[in-house]
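Undergrad: Residues per chain, in single letters:
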Amino acid sequence: MREVIMPALGMAQSTGVIVSWLKKVGEAVAADDPLMEVETDKTTMEVPAGHDGVVLEIRAEAGAEVPVGEVIALIGAAGSVPPPKPAAAAAPAAAKPEPAAVAAPPPAARPPAPAPAPPPARPDGAAAAAPAAAGKVLASPKARLLAAERGIDLAPHAARSHERPILAADVEAMAAEAAAAPATAAVQGLAATPRLASLRAAAPAAGWAEFLAFASGEAKRPVEGMAVIAAFAAAAFRAATGETGRIVVAAESLSDDGGALVLADPDRAGLASIADTTTDAPATLSVLDLTGTALSGADGLGAGTGPVLVVAGSGERLDLSLSFDPSSLAPRAAAALLTGIARRVENPLRHLL
Amino acid sequence: MAYAKRRSGGKSAGGKTAGANSEALVRMYRQMVRIRAFEDNANQLYLSAKMPGLTHMYSGQEAVAVGICEALEKTDHITSTHRGHGHCVAKGAEFKQMFCELLGKAEGYCRGKGGSMHIADQANGNLGANAIVGGSAGIATGAAFTAKRLKTGATTVCFFGDGALGQGLLYEVMNMAALWKLPVIYACENNHYGEYTRTEEMAAGELMDRAKAFGIEAFQVDGQDVLAVNALAQDLVARCRKGEGPFFVLLDTYRYHGHHVGDINRAYYRPKEEEAFWKTERDPIVNFGRYLAGNGVADQAELEAIEAEIRAEAEAAVAYALEAPYPDEAEVTMHVYAASPQLA
Amino acid sequence: MTREITLSQAVNEAIAEEMRRDPTVFLLGEDVAEAGTPFKVLLGLVDEFGPDRILDTPISEPGFAGIAVGAAMTGMRPVVDLMFGDFLFLVMDQLCNQAAKTHYMSGGKLKVPMVLRTNLGATRRSAAQHSQSLHALVCHIPGLKVALPSSAYEAKGLLKTAIRDDNPVVIFEDKLMYQEKAPVPEEEYLIPFGVAHTLRKGRDITLVATSSMVQVAARAADILAGEGIEAEVIDPRTLVPFDEETILASVRRTGRAMVIDEGHQSFGVTAEIASRIAEKAFYHLDAPVLRMGAMDVPVPFSPKLEDLTVPTPEKVAERARASVKGELFHA
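Protein chains in written order, with the working numbering: chain A, 5 to 357; chain B, 25 to 368; chain C, 19 to 349.
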């Protein structure tokens, strides 16, 4: 079970207002699915859920102003029981907690053995379903047949299916969605047109070096900053464009000891295995890593024809610039992409754990 | 023994002759020997594990089946019991098809689907043995109903044992047969034991009174005396044809074997001395053979030749049946439902 | 020409027509002649055919059932009137051990062309021994055919077919429907066995209903139609033989099925039909196959209680609605 906290979205932000919840209790979410809209400093943004699972509890109503770091929702496996709501949850928090402390899961969030949920009352009086094994898809035989015929994987919908089984009509909808998706992707990232526009952002990176050291310790192998940024770029791209298919990131470091990697779906790999996702496929987007060099910027470089992220700087700050073709990637999406990368660099633990 | 005195009587009203016709007398002897030979072979087949299932021997009761069936035409009907081989032979069945049926072979009377307890021979008017005690009383009465409604002149004989006197169905249909004056003869073969229990322990009161209560004329006859049985049967069949039925006949008889083949240790319900008495003093075949020899109808050598010929025929039929093919597996789903020509 | 007649008149006409056509057809049972049965279904037949062919019997169900078996084996075509379906238990040996098995046991030599007419249906306030729907009992016995008319039209056409069939046929009339009218042609017609009737087409769910439950299913379909749910309603008309194909084809289209029958729900007709659907149309199912039979209790006398025991249009619609909406039933 994971906690969702009110994120710190601005430098001097102490509270955020929940504009709306985009998921309901009981609904399944993926880590990158937008979970809520949060308003801060007069800007409103969609905040991703951060964890895969089912929304178990929502602790703050839409419209509420919540201190940064406050637990506002719980996400977990279908059927797991939310812990008792802390008495102080509704009270304003006294101080902004340290990001690392926020990201560390509280002990109560990992019960040794989740108890099955009590069966909800049913209108027809029939005995309710015992919670099925997590991950098992509840789908009608007809839905399964249709999914098999159309090559649709129902596994990602397992959690949702425990609320309402996946029916034939749902699979038809999935099929329609899947048919539409590849066309969008082609327009967004892979059009062979020159990159005409660029956006720039500066990400606070005070903890970046410590994070990489911590990550290497956790992974028991060196974790390169370039690979992590590739994963962040993929995750942010997914969030910004709604891409559900494969994202390939070509990353290259221009430092003396730097190399090059082409990674498939690095955002879906664990911290320790990002670098194992290498592929020969053409890049959706590329990353040019200038850290560890004296370089502060680059233009016209990058693999493939998709957006190119250039990362420069060191110490307190990383300078990020994104070059893209506005006819393939809308500026708003590009902005969301770059912002997403910046937030991840700023708060890497929250996005990885 | 009301009819014993008529054993040498002349022509009966039925058209068939008994006493006066030596051919008919020899035929009755032959038929009784046929039943005995059939049962001896069936018993051996069973004991040597060549015959599946369970079977009930008619040996000892031959005079009942033969005395009655010799009074019937082919077009008359009988219903039979689990102890039914004797009725089947007496009504005209052939050894080969009977043994094939007992062994579950395709050439059996029922293509192997009925076996010992359900053997039926429609062509000779045998509507079938029945494994439910008393279960055929309705069928026999219904057959008599048909004869009356369609004016076929046929008579039906319902064979059942003393055990069936405990079944309510029997009294329901005797009541209706009496109400509707149906040409049916209820022939109760009292062999004194229902399964492993003496009749006296199971049936209260006078057995004859059970039929008389419905106003049905009831007769008691020595079931070991084929002539007495036949004479009574000739008379009652003739009266049935004139619309004077139904009738009830209580036939005093005895089964030599146990309730079924394998009912060996039966001294607890039936003394060995009693069995010995019936076999040595009351055997229907031996006694009728003596009668035939004594009256010059057939000498001992002729009777022995008859027996030898029949035993040879039975053994040949057994050999044939043992070699005969089983039904094709496709037959398992045949005959569940009859085709309906009226709906074709 | 089609006119409207009651189910009772339809049965009466069927018997009369078949008796005129075939002199071997006769009818027997308790109070069938002058009384015309307690339901007055047979009134007038004795006047035309006489007491020899419309035969009043003593109150001896096993006896006259057995006589019918023997008469059928020897050339007659008896129609047995069993006053209440509950009395089936009395005639089980004659029906199931004798009539049903004779053709098979004799290797096809003997036939039993008889009809046993009886009834089913609760809510007549007749309590536990005069209200049962026992057709599942006889459906279980190979050798018997089982017909369940759901209207006057079916009652006439199926009974005429039953009388001409060379096998023992048990035909159950819904005793609450005797006075209900339906259009019935004046011309002669037969309804073949093993051919289901689709009363109503629909794309969302298949309702398979028998006898008394056909009307219940049809009314449930009306309710659902008001909500935009299209239910297909199928009446198998005979359970033995059973028109599996029509039902499977329907379920393959709708993806959902519910089986409604007035016999007790457990181990009965609904179970058999539902299992065939589940087995043979599994990959076309978008929801579990639902069943609704009578409650598994003896039929109570008190009207308040009795009404609870049988399926109603509202109950059927409620379950069908939940199915169409994709409710999770038993995960």
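Quick caveat, the hints were computed from the structure, so don't treat them as lab data. Cβ coordinates follow ideal geometry from the N, Cα and C atoms, glycine included. Warning: the hint list may mix true and false statements.
As the list claims (entries may be wrong) - Okay, derived cross-link-like pairs now, DSS-like style, lysine-lysine, Cα gap no bigger than 25 Å in a straight line:
id, chain 1, residue 1, chain 2, residue 2
1, A, Lys28, C, Lys343
2, B, Lys120, C, Lys127
3, C, Lys343, B, Lys98
Unchecked claim - Some chain C residues flagged as far from chain B (calculated, every beta-carbon gap over 10 Å):
id, residue
4, Met19
5, Phe44
6, Phe82
7, Gln112
8, Ser124
9, Arg237
10, Glu262
11, Phe319
Undergrad: Please list, smallest to largest, the hint numbers that this structure does not respect.
TA: 3, 5, 6, 7, 8
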